[in-house]
Amino acid sequence: MIVTNIETVPGKAIVKHLGLVSGNTVRSKHAGRDLMAGLKNIFGGELKGYTELLTESRDEAVARMIDQARAVGANAVVNVRFSTSSVAAGAAELFAYGTAVVTE
Amino acid sequence: MADYENPEIPEGINVSPTHPLKDFALLVAGISALLIVAVLAVSLLAGQLARHIPFEQEQALAASLGRWLPEPPDSPVDRQRQQYLQSLADRLAGTMELPPEMPITMHYSSSKTLNAMATLGGHVVVFQGLIDTLPSENALAMVLAHEIAHVRHRDPVVAMGRGFAVMLALSSLSGVGDGALQQWLGGVGMLPILSFSRSQEEAADATALQAVLDLYGHVGDAAAFFEEVAERQSAAHSPTMFNTHPDVNQRIARIREFSARHARPQPPSATSLPGFMKAT
Amino acid sequence: MYDLIFFLVLLLLGYVFGQHAEKKHFRSIIEREKQLRGILTFSERRIPDEANLQGTLVSGSVVISVDFFKNFVAGLRNLVGGRVSAYESLLERARREAVLRMKEKAQDFGAASVWNVRLETASIGKGRQQGGVGSVEVVAYGTAVKPR
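Residue numbers (the numbering used here), protein chains in the order written: chain R, 1362 to 1465; chain E, 2 to 281; chain D, -13 to 134.
Just chain R, with the same shape it has in the complex (with noise of 0.2 Å):
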């Protein structure tokens, strides 16, 4: 599965557009994450457990739109976006959308 956040394959030409596909996921951190990122507020610096959690969003909320791309036959993803949203505090809610197509 090819993902790219430009129009096109690069190298491929596309034959077949299918059209809306996306990803969306809520993930949080246990309370001790939440804890020492209250504590970090004080020092400053990188906040490892919450990049860690973005991380771990945006992976499993492309993998689900690389599931539903999967399941309506495309071989690549083209112009994927992310966007995010925010319900609870303390947790991630990431969309990843984009284009599901077929290359030759």
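For the record, the hints were derived by calculation from the structure and aren't laboratory data. All values reported here derive from a predicted model rather than from experimental measurement. Even for Gly, the Cβ is constructed at its ideal location relative to N, Cα and C. Don't take every hint at face value.
From the structure, some residues in chain R lie toward chain E, with a derived Cβ separation under 10 Å [said to hold, decoys possible]:
| no. | residue |
| --- | --- |
| 1 | 1372 |
| 2 | 1376 |
| 3 | 1379 |
| 4 | 1384 |
| 5 | 1385 |
| 6 | 1422 |
| 7 | 1423 |
| 8 | 1425 |
| 9 | 1429 |
| 10 | 1430 |
| 11 | 1436 |
Derived DEER-like restraints, expressed as beta-carbon distance ranges [to be verified]:
| no. | chain 1 | residue 1 | chain 2 | residue 2 | range |
| --- | --- | --- | --- | --- | --- |
| 12 | D | 49 | R | 1405 | 31 to 37 Å |
| 13 | R | 1445 | E | 203 | 42 to 48 Å |
| 14 | R | 1431 | D | 2 | 32 to 38 Å |
| 15 | D | 2 | E | 34 | 22 to 28 Å |
| 16 | D | 43 | R | 1431 | 51 to 57 Å |
| 17 | E | 251 | D | -1 | 35 to 41 Å |
| 18 | R | 1465 | D | 43 | 29 to 35 Å |
| 19 | D | -4 | R | 1424 | 31 to 37 Å |
| 20 | E | 19 | R | 1445 | 22 to 28 Å |
| 21 | E | 53 | D | 2 | 49 to 55 Å |
| 22 | D | -11 | E | 250 | 49 to 55 Å |
| 23 | D | 12 | E | 39 | 36 to 42 Å |
Given the structure of chain R, go ahead and fit chains E and D onto it with the hints provided.
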């Protein structure tokens, strides 16, 4: 020219298949268990540490918070009542072999509250409402001995230590969740504390019975207070789990068992309360 | 004691009504998705045969609130970490509803396809903790085209 179409996307890719109730049950059970274990550990540790606070420190602490203790009585009859309570407490303290640096200070309150309590620094408060329900001095001695036993076991300071530690531990979770969740966490967190004080109450009962037996040679009327409470409670019954004190019926049964073991051939007569003790 | 009863009642109400609303919403989403199958959506900007088309911006948005039950379960989940499955279905509903509303606009315009579709989230209630209401807000927008 490429084809453009929108095939149907199957359901269920973007939602986890777990049933919400199963998720809920697992989370509630898991977190409650974790929280209870953590609070037990914290309160046990804090209790053990608090036990080592010297009694002098406890007295100093009580003096700094002591404003809520009843004022010294001003009417002569109230003074007489307090002196009587103090002398009874001193006699009990003598048989209980209280360390000399652990004096018991009795406070009398003319309030109609049906209660007596031991608090920090060896202060014991007895309310007139309680005295009015008691048939004899033996029954009053049992209640006093119970409160003195709390002081001797360092229960007030242990309870304070535990309460403080648990409050601190629970408040560290205050960044988590909203009101409802907080309330729930607090409620679950307090459960082990309640059951802890129940074991303290039972220990105090046992010590008190021994003291009454040593002082009077029998434990007649010892269960009088609890029988009174049982009678009042029979209308509104609350489950034992949520109560600080053990079920009164259990306590009465325990006292009866104790008195059966120390039975005398001829039932001894109870010492009656001095007339001035009853508010009529 | 009354607090506990009140809390359990809220939890039960949240569960019963929340689940009912969710099931109903999903049924309606699936139903309307079938009706609007004719309108295609793509996230690409390059529209084939562009010269012979006319287009307009279409958008759809929706705000869906969490229920008491979901909120509580999510709060618990937040303690241990992991996938907050209670909110996943919420996000899914919001996203599909927003796209559907966008497609309805496209249908009104007479278009057969929507291009360069973007999903955005607004934030009205920033999570329960800040004293706002917990809700998911999704905006979907794109360019609907029809033959000139």
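Hint by hint, here is what the structure shows:
1. 1372: violated, 16 Å
2. 1376: Result: holds, 5 Å to nearest chain E Cβ.
3. 1379: Status holds, d = 6 Å.
4. 1384: The hint holds - residue 1384 of chain R has a Cβ within 10 Å of chain E, the shortest such distance being about 6 Å.
5. 1385: holds, 5 Å
6. 1422: Cβ of residue 1422 of chain R sits 9 Å from chain E, so the hint holds.
7. 1423: violated, 12 Å
8. 1425: holds, 5 Å
9. 1429: At about 5 Å, which falls below the 10 Å cut-off, the nearest Cβ of chain E leaves the hint on residue 1429 of chain R intact, so it holds.
10. 1430: holds, 9 Å
11. 1436: At 13 Å from the nearest chain E Cβ, residue 1436 of chain R fails the 10 Å test, so the hint is violated.
12. D/49 to R/1405: 31 to 37 Å: holds, 34 Å
13. R/1445 to E/203: 42 to 48 Å: Given range 42 to 48 Å: violated, Cβ gap about 56 Å.
14. R/1431 to D/2: 32 to 38 Å: holds, 36 Å
15. D/2 to E/34: 22 to 28 Å: Hint holds: Cβ distance 27 Å, inside 22 to 28 Å.
16. D/43 to R/1431: 51 to 57 Å: About 31 Å separates the Cβ atoms of residue 43 of chain D and residue 1431 of chain R, which means 51 to 57 Å is violated.
17. E/251 to D/-1: 35 to 41 Å: With Cβ atoms ~38 Å apart, the hint holds.
18. R/1465 to D/43: 29 to 35 Å: Because 33 Å falls inside the window, the suggested range holds.
19. D/-4 to R/1424: 31 to 37 Å: This hint holds: roughly 35 Å between Cβ atoms.
20. E/19 to R/1445: 22 to 28 Å: Check passed, 23 Å falls within 22 to 28 Å.
21. E/53 to D/2: 49 to 55 Å: holds, 52 Å
22. D/-11 to E/250: 49 to 55 Å: violated, 28 Å
23. D/12 to E/39: 36 to 42 Å: Given range 36 to 42 Å: holds, Cβ gap about 39 Å.
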